[in-house]
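J.: So the chains spell out like this:
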Amino acid sequence: QVNLQESGPGIVKPSQPLSVTCSVTGYSITTSYYYWNWIRKFSGNKLEWMGYISYDSSIYYNPSLKSRISITRDTSKNQFFLQLNTVTTEDTAVYYCARQLTGRDYFDYWGQGVMVTVSS
Amino acid sequence: DIQMTQSPASLSASLEEIVTITCQASQDIGNWLAWYQQKPGKSPQLLIYGATSLADGVPSRFSGSRSGTQYSLKISRLQVEDPGIYYCLQGYSAPFTFGSGTKLEIK
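Residue numbers (the working numbering), protein chains in the order written: chain Y, 1 to 120; chain S, 1001 to 1107.
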C-alpha cells in the first residue's frame, strides 16, 4: 500500500526558508517512471502545483516559484523534500506531496497535507 | 501556462438532482483532464481521468465529458455524501494547473 506523509515546521517566520518532508512507504521513489510532486492549497481553496522530482532525479519547477524553490530527495530514506526560500505570509498554505506516473494526467496518491503558517 | 476556467464557483442542489461543473481550457489539452473531489481536512480524491474515465471505486453517478476545450463533470443523482470542493486539473503540460474549484452543497 502506497502511503505518503508530509511533515513540516508548522510556523515559519517571514523571510526564512520553509522546509517540508514527504516520507513515502510502500513504494520506492526510484521506481520507473514515477514523478513525486509538491502541491499547495491556499485558504481561498486555490490549488497550486509547485514542482516535481522524478524517479531518475530530473526536476521541474513551476516558473512562478523558480527563484525560490528547491526539491531534493534522499533515496536511502525514501523521502523527498521541499524548500521554499524567502517566504511571506502569502506562502501560508497546506502543503501536499503526491505521486504521478509518466503519461498520466493525474496524481494518484496524495499525502494528507501539512499546514504551514508564515507569521512573525 | 495553460489556464483552467472553472464554473460555477459554488453550487447548491437538492438530493437526486443532476449537477454539472465545467472547466474551460485556454488551449487544446486533448483528453489530459482529471477531476477531483476534496472534503474538509482530506486530500483530493480522484474521480475522473483522461477526461472521461472513471477512477477505481468511484460511483457510476459521476461522469466526465469533453467538447473541444470545454470539459464537464456530471453527477447524475446527487447524494448526501457528495458535498465538497471539486477541481479540474490539466495534466497536458507542466506547469500543471487546477481550476479554481466549485464548492458543492446540499440544498
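Hints in this document: simulated from the structure, not taken from any laboratory. Ideal placement from N, C-alpha and C gives every residue a C-beta, glycine not left out. Each hint should be verified, as a subset may be incorrect.
To be verified - Partner residues aside, some chain S positions facing chain Y, computed with beta carbon under 10 Å:
no. : residue
1   : D1001
2   : Y1092
3   : F1096
To be verified - Now the stretches of chain S that chain Y is said to cover, found in silico as 3 or more residues with beta-carbon under 8 Å:
no. : stretch
4   : 1039-1052
5   : 1097-1107
J.: Would you list, in rising numerical order, the hints stated earlier that this structure does not obey?
T.: When the structure is compared with the hints, none of them turns out to be violated.
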